[in-house]
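J.: In order, the protein sequences belong to chains D and X. Following numbering that gives the first Met the number 0, the numbering of the first sequence begins with 0 at its first residue and continues without gaps. Following numbering that gives the first Met the number 0, the numbering of the second sequence begins with 0 at its first residue and continues without gaps.
Keep in mind that the hints were calculated from the coordinates and are not lab data. There could be a bad hint or two in this list.
To be verified - Here are some chain X residues the structure puts well away from chain D; computed CB gaps all over 12 angstroms:
1. Leu180
2. Ile232
3. Ser250
4. Arg413
Said to hold, decoys possible - If you want the footprint, here are the derived chain D segments under chain X, 3+ residues with CB under 8 angstroms:
5. 34-41
6. 45-54
7. 191-201
The beta carbon of each residue, even a glycine, is placed where N, CA and C say it ideally should be.
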Amino acid sequence: MIRLIRFSRMLVLSFLVTQQTVYADDHPIPDEYVYCTVCHGILFGGNVATAAPKLTGLSAWYIESQLRAFRDGLRGTHIEDLAGLEMRPMAEMLSEERLSQVSRLVATLPNQNQLDNPGKRTERGKQLYSGCGACHGADGRGNQQFAAPNLVTQDSWYLIKQLNNYRNNIRGTQDRDIPGRQMRSAVSGLESEQDLIDVVSFIQSMQ
Amino acid sequence: MIREFSRRQFLNAIGSAGGSAAVYQSALALGLLSTSHNVRASLKPVPEASKKVILLGAGLASLTSAYELERAGYECTILEASHRIGGRSLTIRGGDTVDELGYPQKCDFDKNKDLFFNAGPSRIPIHHHHLMHYLRTFQIPLEVFTNNNRNAWVHDTKAFGGKRMRIKQYTADARGFMAELSSKSLNRNDFDRPFTDNDFERFQAFLKSYGDLDENALYKGSSRAGYQSGGMITPAIKKTPIDFREILNSSFWEHRMHWAQSEDQSAPMLTATGGMDTIIDGFVDNIDSKILLNAQVQNVQLHEHSVSVSYRHEGQLKQVSGDYCFNSIPKHIMSGIPNNFPRDYQTALSSIPRGLLFKMGIQMNKRFWEDEDIYGGFSWSDQDIEQLWYPPHGLFSKKGIMIVYMFNDEATYRFGLLNPQQRLEKALHEAEAIHPDIRKYVDSAVSVPWHRMNHTMGCTAKWTPELRDQWFKRLQEPVGRHYMIGDQISYHPGWQEGAFGSAHFALSHLNARQHNEITTHVNAINHGQGA
Ligand SMILES: Cc1cc2nc3c(=O)[nH]c(=O)nc-3n(C[C@H](O)[C@H](O)[C@H](O)COP(=O)(O)OP(=O)(O)OC[C@H]3O[C@@H](n4cnc5c(N)ncnc54)[C@H](O)[C@@H]3O)c2cc1C
Numbered sequence: 000m001i002r003l004i005r006f007s008r009m010l011v012l013s014f015l016v017t018q019q020t021v022y023a024d025d026h027p028i029p030d031e032y033v034y035c036t037v038c039h040g041i042l043f044g045g046n047v048a049t050a051a052p053k054l055t056g057l058s059a060w061y062i063e064s065q066l067r068a069f070r071d072g073l074r075g076t077h078i079e080d081l082a083g084l085e086m087r088p089m090a091e092m093l094s095e096e097r098l099s100q101v102s103r104l105v106a107t108l109p110n111q112n113q114l115d116n117p118g119k120r121t122e123r124g125k126q127l128y129s130g131c132g133a134c135h136g137a138d139g140r141g142n143q144q145f146a147a148p149n150l151v152t153q154d155s156w157y158l159i160k161q162l163n164n165y166r167n168n169i170r171g172t173q174d175r176d177i178p179g180r181q182m183r184s185a186v187s188g189l190e191s192e193q194d195l196i197d198v199v200s201f202i203q204s205m206q
Numbered sequence: 000m001i002r003e004f005s006r007r008q009f010l011n012a013i014g015s016a017g018g019s020a021a022v023y024q025s026a027l028a029l030g031l032l033s034t035s036h037n038v039r040a041s042l043k044p045v046p047e048a049s050k051k052v053i054l055l056g057a058g059l060a061s062l063t064s065a066y067e068l069e070r071a072g073y074e075c076t077i078l079e080a081s082h083r084i085g086g087r088s089l090t091i092r093g094g095d096t097v098d099e100l101g102y103p104q105k106c107d108f109d110k111n112k113d114l115f116f117n118a119g120p121s122r123i124p125i126h127h128h129h130l131m132h133y134l135r136t137f138q139i140p141l142e143v144f145t146n147n148n149r150n151a152w153v154h155d156t157k158a159f160g161g162k163r164m165r166i167k168q169y170t171a172d173a174r175g176f177m178a179e180l181s182s183k184s185l186n187r188n189d190f191d192r193p194f195t196d197n198d199f200e201r202f203q204a205f206l207k208s209y210g211d212l213d214e215n216a217l218y219k220g221s222s223r224a225g226y227q228s229g230g231m232i233t234p235a236i237k238k239t240p241i242d243f244r245e246i247l248n249s250s251f252w253e254h255r256m257h258w259a260q261s262e263d264q265s266a267p268m269l270t271a272t273g274g275m276d277t278i279i280d281g282f283v284d285n286i287d288s289k290i291l292l293n294a295q296v297q298n299v300q301l302h303e304h305s306v307s308v309s310y311r312h313e314g315q316l317k318q319v320s321g322d323y324c325f326n327s328i329p330k331h332i333m334s335g336i337p338n339n340f341p342r343d344y345q346t347a348l349s350s351i352p353r354g355l356l357f358k359m360g361i362q363m364n365k366r367f368w369e370d371e372d373i374y375g376g377f378s379w380s381d382q383d384i385e386q387l388w389y390p391p392h393g394l395f396s397k398k399g400i401m402i403v404y405m406f407n408d409e410a411t412y413r414f415g416l417l418n419p420q421q422r423l424e425k426a427l428h429e430a431e432a433i434h435p436d437i438r439k440y441v442d443s444a445v446s447v448p449w450h451r452m453n454h455t456m457g458c459t460a461k462w463t464p465e466l467r468d469q470w471f472k473r474l475q476e477p478v479g480r481h482y483m484i485g486d487q488i489s490y491h492p493g494w495q496e497g498a499f500g501s502a503h504f505a506l507s508h509l510n511a512r513q514h515n516e517i518t519t520h521v522n523a524i525n526h527g528q529g530a
């Protein structure tokens with residue numbers, strides 16, 4: 000009885016919307032992808048508290064490649080990789096069509112959030128980055144030919160985490176994961192936590 | 000003299016810790032903060048000027064706030080991202096959708112009033128006074144909840160050859176041995192004055208009684224363990240005590256044995272008849288405020304005299320503003336929602352880790368546990384499944400919902416990685432150690448990993464002592480006209496009482512500032528005394 004009352008109340012309430020609509024022509028995210036924003040933040044701005052990175056600033060081809068990597072079990076399978084393991088079922092849920100569609104959609108969103116760290120140019124950072132530029136570009140904005148993503152719009156917590164994932168054999172370990180394996184071999188020059196901080200600060204200073 | 004000030008100045012001012020602490024102190028001094036026994040919010044009628052409150056989330060914290068605010072004449076709007084009201088207070092029945100990110104499930108339980116699954120709260124501790132107050136106000140039907148059933152089983156992979164043991168036998172034997180050993184090792188001369196000979200004798204007697212020892216202070220088994228046989232028309236035969244070393248090897252005594260004696264778990268406890276969401280119904284039936292469902296908050300902006308909130312609804316972005324905002328969105332989700340909060344406040348929101356909890360409801364086509372003299376309560380295992388619940392209601396009926404509940408982070412993590420079918424498989428595999436035939440009785444199951452539920456992504460807020468020192472006050476106090484609420488902003492995260500307590504804190508604070516009993520930051524800034 001009580002449950003029936005509650006249900007009818009819910010129906011009535013959904014007609015009571017009287018608030019004004021704002022930024023109607025801004026970037027509303029279609030209903031079917033709203034759930035992504037529960038973790039990745041509204042407008043995909045990233046959320047350190049759920050460990051889900053900012054996705055704005057990334058190209059559609061890279062987003063798509065990562066969704067495929069998660070879906071096909073190339074990423075997010077290591078037992079210690081809570082964040083990756085949490086993302087994997089989200090990609091598994093996507094049909095082929097949706098997978099491309101959401102990638103294109105996210106790539107069109109404005110990159111509006113400030114970085115969590117303003118970045119800093121140090122000699123050490125520059126030196127460490129010199130090996131990265133070959134793939135990620137001298138400006139850090141990525142190069143599709145090498146499957147290497149844009150790095151300069153990403154928050155430092157996530158860049159450091161991913162570099163550690165490569166260093167600790169959590170990401171880029173599987174035979175079929177050719178881009179991941181290439182990237183993993185590129186982290187051998189990063190020896191200490193300080194190296195990670197220096198190279199990431201340098202990357203962020205290029206924004 | 001009211002002078003113009005920039006948004007930045009305003010934000011700096013409301014962000015100043017000194018100012019916030021001052022508000023808190025004066026509220027305390029005025030006795031405005033509710034204690035556990037002062038459960039009525041008793042808000043004064045609202046002044047005409049500022050009476051619109053926007054509440055974010057439709058869990059217990061927001062619903063309580065709206066209920067109290069309405070009664071004082073405030074106008075409330077509640078925005079809820081989910082398709083349902085209630086947040087973590089979730090009771091699942093046949094036909095319901097389980098909104099897990101990645102593995103949305105449909106519940107296939109039979110439609111029957113007893114076949115429900117409290118996936119969130121089930122237990123009502125009687126000293127949770129705000130909760131009891133609302134239960135009484137709404138006349139919610141209650142029944143006793145069995146939180147400790149001595150007839151249920153202890154299973155320990157490291158003891159008793161992995162064989163299940165009745166909790167009563169384990170407890171009686173553990174106490175018996177402990178009392179016997181203490182008694183043997185006691186030496187009158189070890190006790191200094193003022194311990195008298197009489198005290199010593201009394202203590203020996205205490206041990207005998209505590210452990211059920213014989214006249215020579217030896218433990219030879221106890222009826223407390225349950226009889227091996229007989230006792231009615233044939234003589235009672237006691238059980239042979241278990242080997243004390245086996246008890247030591249087991250891990251049950253580490254915490255599970257004492258669990259039902261802890262502050263919030265001790266008998267008697269209550270539960271809501273027909274499911275805990277009857278409490279949500281109680282609020283909803285007594286609230287007139289608008290509750291918008293499927294309204295995900297997208298942006299929260301603090302202004303000098305108001306708070307504006309953007310949200311998506313039916314595919315469009317809308318905006319609403321109010322004089323105040325009560326925000327119960329889980330802090331780890333709020334930290335991903337654009338806002339103009341002071342930086343340290345935003346840091347605080349993202350700094351408190353989210354907890355993991357996991358529950359699974361399994362419909363059994365036979366109440367096979369009743370054949371083992373088990374009615375309610377739960378068995379314990381040292382495997383991942385931890386607690387295996389037997390429904391305390393619907394006794395003698397045909398079917399029942401068993402619950403697997405785990406709160407150990409690692410176990411929960413392991414279960415959360417699996418898909419629902421694999422989770423059921425793992426749970427049954429482990430449960431077979433307690434009930435070898437359990438698979439025969441399974442109809443269907445749904446599982447709820449709270450750290451992956453849509454719009455929740457965690458329970459319980461993981462405050463450490465250091466995080467408390469650093470951030471608790473900051474988040475408990477308002478920032479401008481915006482209050483964070485919910486069990487997350489309490490010393491009782493993971494309990495409904497925490498949600499009520501936090502709401503009442505914010506309500507009393509709001510009441511005091513509305514009636515000029517405390518000076519808010521905004522006033523302080525207006526008079527040029529800002530930080
Ligand atoms: C497994 C489990 C067992 C528990 N057992 C007990 C028990 O036995 N006894 C007890 O007293 N308590 C228990 N609890 C705790 C109890 O459920 C909580 O304390 C209480 O429900 C918290 O209410 P709340 O309003 O603070 O938060 P919530 O109920 O989490 O409400 C927050 C609301 O915000 C909404 N939201 C999220 N994002 C947005 C957005 N962007 N826009 C709008 N809305 C949003 C959510 O959908 C949700 O409805 C248990 C909890 C769990 C998970």
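J.: Are the hints correct? Go through all of them and say.
T.: To see whether the hints hold, each was checked on the structure:
1. For Leu180/X, the non-interface assignment is confirmed: its Cβ lies about 43 angstroms from the closest Cβ of chain D, beyond the 12 angstroms cut-off.
2. In this structure Ile232/X is separated from chain D by more than 12 angstroms, as the shortest Cβ-Cβ distance comes to about 49 angstroms.
3. Chain D leaves Ser250/X outside its interface by the beta-carbon criterion, the shortest separation being 23 angstroms against a cut-off of 12 angstroms.
4. Non-interface call for Arg413/X relative to chain D: violated, since the shortest CB-CB distance, roughly 9 angstroms, does not exceed 12 angstroms.
5. Counting residues of the stretch 34-41 of chain D whose beta carbon lies closer than 8 angstroms to any beta carbon of chain X gives 7, which meets the minimum of three for the stated coverage.
6. For the stretch 45-54 of chain D, the stated coverage by chain X holds: 6 residues have a C-beta nearer than 8 angstroms to a C-beta of that chain, and at least 3 were required.
7. With 0 residues carrying a beta carbon less than 8 angstroms from a beta carbon of chain X, the stretch 191-201 of chain D misses the three-residue requirement, and the given coverage is violated.
Checked against the numbered hints above, the structure breaks hints 4, 7 and satisfies the rest.
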